[in-house]
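*Asks:* Sequence:
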Amino acid sequence: MKLYLGTVVAFALVILPWSGAQAEANTIGTEKFKMTEQESGFAQNGAAPVEKKEKAHPPGAGGKSDGDTLAGNAAAGNAAAGNAAAGKPAAGKPAAAAIKEEKKSTGYFRPSSSYSTQPESDPPRYVRTLSKTGIEAFKDIHWLDVGIDHRTRYEFRSNDIRRTELRLDQPFLLRSRAYFGIREIFDPLRGAVEFQDSRRYNGHFPPDDRDFNEHELIQAYAELYFKGALGQDGLKQERPLRLRVGRMAYEALDRRLIGRNEWRNTTNTFEGFRINLGQEVNDWEGDLWAYQPVQRLLTEFDERIENQWFYGAIAHWRKWSDFITLQPYYMGLTQDGSKTGEIDRHIHSPALRGYGKIGDTGLDFDFNLIYQFGRNGTQAHQAHAHITELGYTLQHAWKPRISAFYGYASGDRNPNDNVNNRFERFFGFSRPWSADDYIVFENIKSPKIKLEFQPSKDLRIDGGYSWYWLASDTDRLNNLFRGNGSNGGGFSNRDATGSSGDFIGHNFDIRARYKLAKHINTTIGYSHFTSGEFVRNRQIAALGRSPGSSDFFYVEVVLSAF
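Taking my numbering, the leading residue of the sequence shown gets -1, the next gets one more, and so forth.
FYI, nobody ran anything at the bench for these hints, they're computed from the structure. A quick note: this is a predicted structure, and the numbers were derived from the prediction, not measured. We put the beta carbon where it would ideally sit given N, CA and C, even for glycine. Be aware that a few hints might be false.
[As the list claims (entries may be wrong)] Only pairs whose alpha carbons sit at most 25 Å apart, straight line, appear in this in silico SDA-like list of lysine to any residue: (1) Lys516 / Phe489; (2) Lys443 / Asn416; (3) Lys516 / Ala395; (4) Lys234 / Leu222.
[Unchecked claim] Derived Cβ-Cβ restraints for the label pairs, each shown as a range: (5) Ser156 / Leu241: 15 to 21 Å; (6) Tyr309 / Leu222: 15 to 21 Å; (7) Glu134 / Ser174: 23 to 29 Å; (8) Ala288 / Gln377: 21 to 27 Å; (9) Tyr152 / Pro205: 16 to 22 Å; (10) Lys337 / Ser547: 40 to 46 Å; (11) Asp415 / Gln293: 37 to 43 Å; (12) Phe365 / Asn414: 31 to 37 Å; (13) Ser547 / Thr332: 24 to 30 Å; (14) Ala288 / Val417: 26 to 32 Å; (15) Ala227 / Pro445: 43 to 49 Å; (16) Phe321 / Leu222: 32 to 38 Å; (17) Asp415 / Phe551: 50 to 56 Å; (18) Phe170 / Lys455: 27 to 33 Å.
Between the sequences and the hints, there should be enough to build the whole structure, so can you do that?
*Replies:* Written as structure tokens, this is what we have:
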């Protein structure tokens, strides 16, 4: 980290004395291409990724969220991209019709309609170009991106199955962020830093790295950006080349394998290298990386895990995006156990994701097929997962969408053989699996039904019902008893005999997200979980009793400076 941080500090020292310099003539306002709350009228967390100036979205690119703040659908971004691609409207067409056609054909990117799968934007959605903050003195500073954001969440948790003490817990979770990024003025050299402070108050249980991470840099990187290095696509949109080095936090695909984890009070971060070929609006795009994961420390500066490397590549094929976007990808994880006394691990994971809409029928789909192989210590690693979601949006002013989901991730079938079948979930986030944060992407079978609708411009409501089974009744339920320490703090979340059953339980959840003011977003949510035979049997074995159910209620307020 010292090398990476030193690079960023040196970069900052070079550019700060020139902060009064005038931006280059080729400066293009970020906000032309950036998702904003004003443009959308309603913002929602987990919105589709929007890279400033380069990223753009079609009208109605709504994204389903996880983290309960609001982010826009970025309709305005397409107008700028479309002007470059479409040219003047055809003769004889009414102006309104020409504008509508232009907006429809602005770029190749189409967002997924599936629930809670849209990655966080890059840079994050609370960030604005300084010239667009409304401060008159900064109206000509187009090259500096800034953002300040604070979230407070009150939680009411009764009989949380992640804990080994079944009681009421009412913590307040506080998370503050600040972002500074420089672009264009010194191209090809760019860079950014993002600060975060995470704390918990009034909690009954000991501090952990889910809730605590004080005074931390979650991003600190330098970037080389070459705008037209790879030419143009069929719509005359630039295909840039980008190289980043340093500490990074971002999300990709459907966030289930790479995620910042916006719901959690702390953030997943990495140190290493990332190369992007093209941009989101192009017909194709490539994303390659090699990172070392960063270990979150409660009160000290975070450190990279030096015996692990996480690497991979994602290809985005959008030529047929009006019907389907294809994302073939590969991820790998290597762990050198000789440095720490842990096991050696070499996990390889080829996969294919696809999503899209079926014409004007209102039907949408999203699927992800993942296979894994390699070595896990002395065992061979053989695992797989698949996810499918089908949705239907009704023609109604409230835009109601009904969806059916099924997700599967394999578990270890036999603890005594030489094969590990437990799916490796890498560094994704688990919020879409269960609103109460009980389920993660391993050893799971889960069907769900969801209903989402928008009664007004500033109000969105969603809810659903979910059922959960272990994929293998001889493997663990990861989060059971995990709240009091690693591997359940000595409490067994696995029955190697399979005699505890495989039904985890079922739950109902609902939430409402309301934009209270221009810079204030609020969320209220509730989830009721009914324990299945596996949870009840393991709680009785470990704790002597099982309450049979748990309740989770929360209120969240997010304040943004710009």
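*Asks:* Each hint: holds or not?
*Replies:* Hint-by-hint comparison with the structure:
1. This hinted pair does not check out: Lys516 and Phe489 have alpha carbons roughly 47 Å apart, beyond 25 Å.
2. Simply put, Lys443 and Asn416 have alpha-carbon atoms about 24 Å apart, close enough for the 25 Å limit, and the pair holds.
3. For the hint pairing Lys516 with Ala395, the CA-to-CA distance comes to about 23 Å; that is within 25 Å, so the pair holds.
4. A distance of roughly 22 Å separates the Cα atoms of Lys234 and Leu222; the hinted pair therefore holds under the 25 Å criterion.
5. Judged by the Cβ atoms, the range 15 to 21 Å given for Ser156 and Leu241 is violated: they are separated by roughly 49 Å.
6. Remark: the range hint 15 to 21 Å for Tyr309 to Leu222 is upheld by a beta-carbon distance near 20 Å.
7. Between Glu134 and Ser174 the CB atoms are about 27 Å apart, so this pair conforms to the stated range of 23 to 29 Å.
8. Roughly 25 Å separates the CB atoms of Ala288 and Gln377, a value that falls within the hinted 21 to 27 Å.
9. Between Tyr152 and Pro205 the C-beta distance comes to about 18 Å, which sits within the given range of 16 to 22 Å.
10. In this structure the supplied range 40 to 46 Å holds for Lys337 paired with Ser547, their Cβ-Cβ distance being about 44 Å.
11. Between Asp415 and Gln293 the beta carbons are some 31 Å apart, a value that contradicts the proposed interval 37 to 43 Å.
12. One distance hint, 31 to 37 Å for the beta-carbon pair Phe365 and Asn414, holds here, with the actual separation near 34 Å.
13. Checked against the hint of 24 to 30 Å, the pair Ser547 and Thr332 fails, with Cβ atoms roughly 42 Å apart.
14. For the pair Ala288 and Val417, the supplied restraint of 26 to 32 Å holds, since their beta-carbon distance comes to about 28 Å.
15. For Ala227 paired with Pro445, a C-beta distance near 46 Å keeps the hint of 43 to 49 Å intact.
16. Distance hint check for Phe321 and Leu222: the Cβ-Cβ separation is about 35 Å, which falls inside the suggested range of 32 to 38 Å.
17. Distance hint for Asp415 and Phe551: a CB-CB separation of about 43 Å, inconsistent with the stated range 50 to 56 Å.
18. A hinted range of 27 to 33 Å for the beta carbons of Phe170 and Lys455 is consistent with their spacing of about 30 Å.
Checked against the numbered hints listed earlier, the structure breaks hints 1, 5, 11, 13, 17; every other hint is satisfied.
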